[in-house]
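Given chain A, put chains B and C in place with the hints provided.
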Amino acid sequence: MHTTRLALVTIIAEPVLEGRITRELRQLGATGFTVVEGRGEGSRGRHAAEIPGVNVRIETIVGHALAQRILEHIAHAYFEDFGVIAFTSEVAVVRSAKYTAPPESR
Amino acid sequence: MHTTRLALVTIIAEPVLEGRITRELRQLGATGFTVVEGRGEGSRGRHAAEIPGVNVRIETIVGHALAQRILEHIAHAYFEDFGVIAFTSEVAVVRSAKYTAPPESR
Amino acid sequence: MHTTRLALVTIIAEPVLEGRITRELRQLGATGFTVVEGRGEGSRGRHAAEIPGVNVRIETIVGHALAQRILEHIAHAYFEDFGVIAFTSEVAVVRSAKYTAPPESR
Chain A
1 MHTTRLALVT
11 IIAEPVLEGR
21 ITRELRQLGA
31 TGFTVVEGRG
41 EGSRGRHAAE
51 IPGVNVRIET
61 IVGHALAQRI
71 LEHIAHAYFE
81 DFGVIAFTSE
91 VAVVRSAKYT
101 APPESR
Chain B
1 MHTTRLALVT
11 IIAEPVLEGR
21 ITRELRQLGA
31 TGFTVVEGRG
41 EGSRGRHAAE
51 IPGVNVRIET
61 IVGHALAQRI
71 LEHIAHAYFE
81 DFGVIAFTSE
91 VAVVRSAKYT
101 APPESR
Chain C
1 MHTTRLALVT
11 IIAEPVLEGR
21 ITRELRQLGA
31 TGFTVVEGRG
41 EGSRGRHAAE
51 IPGVNVRIET
61 IVGHALAQRI
71 LEHIAHAYFE
81 DFGVIAFTSE
91 VAVVRSAKYT
101 APPESR
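Protein chains in written order, with our numbering: chain A, 1 to 106; chain B, 1 to 106; chain C, 1 to 106.
Please keep in mind that the hints were generated in silico from the structure rather than gathered at the bench.
Take the hints with a grain of salt, since some may be wrong.
No distinction is drawn between identical chains; accordingly, a pair holds when it is met within one copy or between any pair of copies.
[To be verified] Straight line, CA to CA, 25 Å or less: simulated DMTMM-like cross-link-like pairs of lysine to aspartate or glutamate:
(1) Lys98 - Glu24
(2) Lys98 - Asp81
(3) Lys98 - Glu14
(4) Lys98 - Glu80
(5) Lys98 - Glu72
(6) Lys98 - Glu18
Since this is a predicted model, take the numbers as computed values, not measurements.
Looking at chain A on its own, in the form it has when it is part of the complex (with noise of 0.2 Å):
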């Protein structure tokens, strides 16, 4: 079976964020995403958003270059006021053309 490293971008934050940065990742390139709800605690004191409360994780695979341009993205817009987290992981992915969208769509 063949399989194609991609990254998996995971976002963290607070619910209301959520349709503004799913469709920011669609403008980014980003093919889909998964959203699950949860909760949790942050950094005690660092930011006044990151109180305990409900949170959702938004999750996209990505090429390597596009990954680079989320968190970039995430962190600029998002950091200094909310209490967003943002990281990436390596997957491997059956069928990688169901992540990268085709030039000419972009």
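Quick look at chains B and C alone, frame taken from chain A:
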């Protein structure tokens, strides 16, 4: 603390497929699995089933050879007709015997 | 975008253990955590508690040394009597200071 490297296999599928896929994971040799409910969007227009909507994220930790067999099965059984995605990542576990069935039970 | 490699620790446990485990994560030095609810099945007959049913997936991002201490604690405190599993994977984060407590707060 001694740890063992195993493969975490993640399968994201329509909820209607949960029972069938988890039975198949057992038959292939997985000793356990977890299921989390979410929602998401896939690559637009590629598969009729990849409409926005709810999904289940099925995860199992297995040896690398079994992870390959699971990916092959999922690709063969579901990729043509369903909006299913499957990927693996590397994890380090404590007490690896929890994740590998004894030979006589296979 | 500068990223730092840290460890994502995942603990899957019975819901009744959530409060105890998250308090212990804080005491060990984790600066935050997230919790997602799911369901699942473990290895049959190995532990009385590993019956099919609901579970919580507790995740925390920490340095590698703390990840080892967390795995040791979880194995020691829970593996004998509960159907708990614990594993780590490698992640790359932006702004690693979010995940590491300042020395004076340890």
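Given identical chains, is Lys98 near Glu72, meaning Cα to Cα at most 25 Å, within a copy, between copies, both, or neither? both (23 Å within a copy, 16 Å between copies)
- Task: Could you place Lys98 and Glu14 in one of the four classes (within, between, both, neither) given a Cα distance threshold of 25 Å?
- Result: Cα proximity of Lys98 and Glu14: across copies only (16 Å, versus 28 Å in one copy).
25 Å Cα cut-off: does Lys98 pair with Glu24 within a copy, between copies, both or neither?
Result: close both inside a copy and across copies, 19 Å intra and 23 Å inter.
_Regarding Lys98 and Glu80, is the shortest C-alpha distance of 25 Å or less found within a copy, between copies, in both, or in neither?_
Classified as between; 12 Å across copies, 33 Å inside a copy.
**Message:** As a check of your reading, is Lys98 near Asp81 (CA-CA no more than 25 Å) within one copy, between copies, both or neither?
**Reply:** between (34 Å within a copy, 14 Å between copies)
Within a copy, between copies, both or neither: where do Lys98 and Glu18 come within 25 Å Cα-Cα?
both (22 Å within a copy, 21 Å between copies)
Checked against the numbered hints above, the structure breaks none of them.
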